[in-house]
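> Below are the chains, spelled out letter by letter.
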Amino acid sequence: MNTMADRVSGLFFMALGLAMYFWINPNYIETVDGGNISPATLPNIISIILAIAGAFIAIKPTDHQIRNPVLMAKTGLYVTLLTAGIWAMSWFGFEYVAPVLALAIMWLIGERRPLWLSLGVVAMPAIIWFLVTQLLGRALP
Amino acid sequence: MVEFSTILAGFGDAFSLYNLAFVLFGVVLGQFVGAVPGIGPIMAMAIAIPFTFGLDPLPAIAFLVGVNKGGLVGGAVPAVLMNTPGTPDAAATALDGYPLAKQGKPLKATKMALFSSITGDTFSDIVLITVSAPLAVLALKMGPIEVVALMIFAFSILAGLIGNSLTKGIIAAAFGLLAASVGQDPENFTPRLIFGYWDLFDGLALPSVAIGMLAISEILHRLSEAHGNMRPAIIAKDTGNPDDRRVTWAEYWSCRFTMLRGATIGTILGALPGIGSTAAAFMSYAMTKAGSKDPGSFGKGNIQGIAASESANSAVVGANLIPLLTLGIPGSVGAALIISAFMIHGMQPGPLLFENQGRLVYGLFGAMIMANFVNLWVGQLGLRLWVKVVSAPESIIFSSALLLCFVGVSMATSGLFGVAIMLIFAVIGYLMASFGYSLVIFIIAFFLGPRFEKSIAQSLALTDGDLTQVLKSPVALALLILSVVSVVWFLRKNVHGEDE
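In the order they appear, the protein sequences are chains A and B.
In terms of our numbering, the first sequence opens at residue 1 and continues consecutively.
In terms of our numbering, the second sequence opens at residue 142 and continues consecutively.
Hints listed in this document are in silico derivations from the structure and should not be mistaken for laboratory results.
Treat the hints with care, as some may be off.
Estimated spans, in silico, between C-beta atoms of each pair [what the hints assert, rightly or not]:
#, chain 1, residue 1, chain 2, residue 2, range
1, B, Ala-162, A, Thr-31, 55 to 61 Å
2, B, Asp-340, A, Asn-68, 32 to 38 Å
3, B, Ala-619, A, Asn-27, 51 to 57 Å
4, A, Asn-27, B, Arg-387, 56 to 62 Å
5, A, Val-8, B, Pro-383, 31 to 37 Å
6, B, Ser-157, A, Phe-92, 15 to 21 Å
7, B, Ala-602, A, Val-122, 57 to 63 Å
8, A, Leu-81, B, Lys-441, 31 to 37 Å
9, A, Leu-81, B, Gln-521, 36 to 42 Å
10, B, Leu-632, A, Glu-30, 20 to 26 Å
11, B, Ile-267, A, Asn-68, 47 to 53 Å
12, A, Glu-30, B, Glu-144, 54 to 60 Å
Here are the simulated lysine to any residue pairs, SDA-like style, with alpha carbons at most 25 Å apart [as the list claims (entries may be wrong)]:
#, chain 1, residue 1, chain 2, residue 2
13, B, Lys-441, B, Arg-633
14, B, Lys-243, B, His-362
15, B, Lys-613, A, Lys-74
16, A, Lys-74, B, Val-568
17, B, Lys-595, A, Asn-68
18, B, Lys-441, A, Asn-68
19, A, Lys-74, B, Ala-561
20, B, Lys-243, B, Ile-510
21, B, Lys-595, A, Lys-60
22, A, Lys-60, B, Val-629
23, B, Lys-595, B, Arg-633
24, A, Lys-74, B, Glu-366
25, B, Lys-441, B, Trp-630
26, A, Lys-60, B, Leu-632
27, B, Lys-441, A, Thr-62
A partial selection of chain B residues facing chain A, derived with a Cβ cut-off under 7 Å [to be verified]:
#, residue
28, Gln-244
29, Leu-307
30, Ile-312
31, Ser-541
32, Ala-561
33, Ser-614
Since the model is a prediction, treat every value here as computed from it, not as a measurement.
We put the beta carbon where it would ideally sit given N, CA and C, even for glycine.
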């Protein structure tokens with residue numbers, strides 16, 4: 001029985017709960033005088049529950065099998081690409097970044113057919129631009 | 142009391158070709174945008190309201206009702222075909238709709254979603270038309286104590302979705318509540334866990350969190366599995382059996398009690414402000430699964446699961462108008478948008494609305510009934526079209542879906558900050574799913590969290606901190622007993638399910 005996945009996730013949630021309770025909640029939640037519930041009450045209760053439940057799952061794990069680590073690493077690549085896309089959009093705008101982002105995603109998937117590439121890289125961003133800016137009169141990111 | 146002649150005149154006003162055209166336009170727009178992950182009917186309604194300025198009140202409201210109703214039907218399409226819900230309400234539909242589509246029955250799955258959606262919607266419209274005033278008065282009598290008890294009951298229903306690990310279910314719910322506590326504290330309005338980002342002061346936006354966790358995380362998973370052999374986003378094997386492309390009367394009829402239960406849950410929750418269609422869909426799904434003789438078949442393409450979810454989430458739409466029309470209280474974001482449209486057109490929602498503008502109100506009811514028929518008709522054609530559109534290669538579907546989610550969330554949250562939050566929650570959702578934690582429980586807890594905390598604060602203020610007052614309210618007491626019973630019942634079901 002492979003119990004590694006649950007041990008890792010359990011330890012993570014335990015650490016998160018403890019960090020929230022001892023460091024994050026005291027530093028990032030303002031204290032107020034009066035009121036029926038302090039702003040920190042609910043986050044503190046949740047943090048304790050997270051820490052206890054995380055410890056429990058680390059001690060008594062199930063046999064849940066984690067996804068293939070290679071696929072998870074590949075997902076990391078797409079996340080990096082999307083993060084770069086959002087950052088680039090904040091500088092250059094959707095109109096310029098969207099075709100490049102679409103091309104990168106389609107290329108990474110393995111699409112090489114010119115027709116589908118042109119549809120994804122040129123037609124779809126153009127349709128979105130027309131729909132949002134011309135028909136709906138809203139701004140693109 | 143509204144006179145019968147006023148009711149007839151109102152319905153007479155509604156059933157005109159002019160109004161039918163606006164309802165049709167609204168339904169088509171709603172189904173289209175509802176089917177696109179990341180945009181959804183709320184966005185369409187928000188954008189459409191300014192365009193109704195020049196219209197008479199009835200066609201304007203009828204158009205917006207059409208958008209709202211069409212959006213719920215459209216939201217089920219990508220949920221079923223791609224496992225990427227167009228709206229958060231449709232997430233429960235994906236649990237069984239997507240496995241059924243993968244078995245080569247995408248049309249059966251989408252049609253079941255359509256029929257149960259129309260059934261639930263029509264049920265709640267009939268309730269709205271016949272008993273709106275008495276039900277709204279009942280809801281008005283519920284104080285914060287009863288609302289706290291109601292929230293506890295809603296949380297207890299989560300036990301039905303936990304699956305094989307109670308601890309993981311608790312962690313998912315706690316994590317969702319933690320995410321919900323970001324933003325201003327509901328009692329003192331002080332910033333909480335915003336880490337200097339004032340964009341977070343109003344909390345994490347539901348579109349960012351829901352679309353990130355439910356849509357983008359699934360797209361990321363699907364992207365990682367792509368190996369260059371271009372295949373359709375939905376792999377629809379043609380079974381060659383015509384029965385797999387339609388819903389037979391026997392299949393529809395076999396779901397009658399499921400749809401009735403879903404419609405009842407949706408109507409009750411819709412009439413109570415603040416709960417919403419997502420919670421109704423999951424509650425109905427959990428109760429149907431728990432009450433089934435074959436719970437193991439849920440999540441593997443059981444049409445009862447689709448019927449439970451769609452009948453409940455669509456029933457909320459009509460019922461949402463009960464507190465809105467009689468009390469002026471919007472029960473959801475969609476209802477809040479409709480209330481603003483009412484006010485633009487000179488209607489003042491509240492107890493006097495039936496007295497002062499009864500003809501217009503019954504005209505609206507007529508438009509809602511008309512919208513249901515139009516929804517069914519447009520759905521029959523539109524769903525076939527969407528099955529074909531989503532059969533394009535996954536390279537173009539996923540790249541386009543990602544761009545549309547970027548644009549949709551950016552418009553819904555007014556900027557790229559919301560898109561960044563969406564991506565963060567996509568990663569969280571991907572990791573949670575990878576390690577076997579329920580995204581559904583997270584989302585429901587996230588959705589209910591602020592309402593729960595606010596109602597507790599109000600109750601404490603009302604009872605001077607003495608929560609034993611809850612025991613003096615028969616309604617609250619009954620709800621708390623129901624909560625305990627449902628938790629025990631659901632957990633025992635889970636244990637039996639594992640044993641089998």
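> Hinted pair, alpha-carbon criterion (25 Å max): B:Lys-595, B:Arg-633. Please report holds or violated.
Status violated; Cα separation ~31 Å.
> B:Lys-243 and B:His-362 were given as a pair; does the straight-line alpha-carbon distance stay at or below 25 Å?
holds, 16 Å
> The hint says 51 to 57 Å between B:Ala-619 and A:Asn-27; measuring C-beta to C-beta, is that right?
At 42 Å between Cβs, range violated.
> Quick one, are B:Lys-441 and A:Thr-62 close enough, alpha carbons at most 25 Å?
Within the cut-off at roughly 22 Å; holds.
> Regarding A:Leu-81 and B:Lys-441, is the given constraint of 31 to 37 Å on their beta-carbon distance met?
At 33 Å between Cβs, range holds.
> Can we keep the B:Gln-244 interface hint, with Cβ of chain A closer than 7 Å?
Violated. Min distance 23 Å.
> With the threshold set at 25 Å, check whether the alpha-carbon distance from B:Lys-595 to A:Asn-68 stays at or below it.
Roughly 42 Å separates the two Cα atoms, so the pair is violated.
> A:Val-8 and B:Pro-383, beta-carbon distance inside 31 to 37 Å?
violated, 49 Å
> Check the hint pairing A:Lys-74 with B:Glu-366 against an upper bound of 25 Å on the C-alpha distance.
Judged against 25 Å, a Cα distance of about 9 Å means the pair holds.
> Holds or violated: B:Lys-243 with B:Ile-510, Cα cutoff 25 Å?
Cα-Cα ~34 Å, so violated.
> Looking only at beta-carbon atoms, does the pair A:Leu-81, B:Gln-521 fall within the given range of 36 to 42 Å?
holds, 39 Å
> Hint check: is the beta carbon of B:Leu-307 less than 7 Å from a beta carbon of chain A?
violated, 9 Å
Checked against the numbered hints above, the structure breaks hints 3, 5, 6, 10, 15, 17, 20, 21, 23, 28, 29 and 33 and satisfies the rest.
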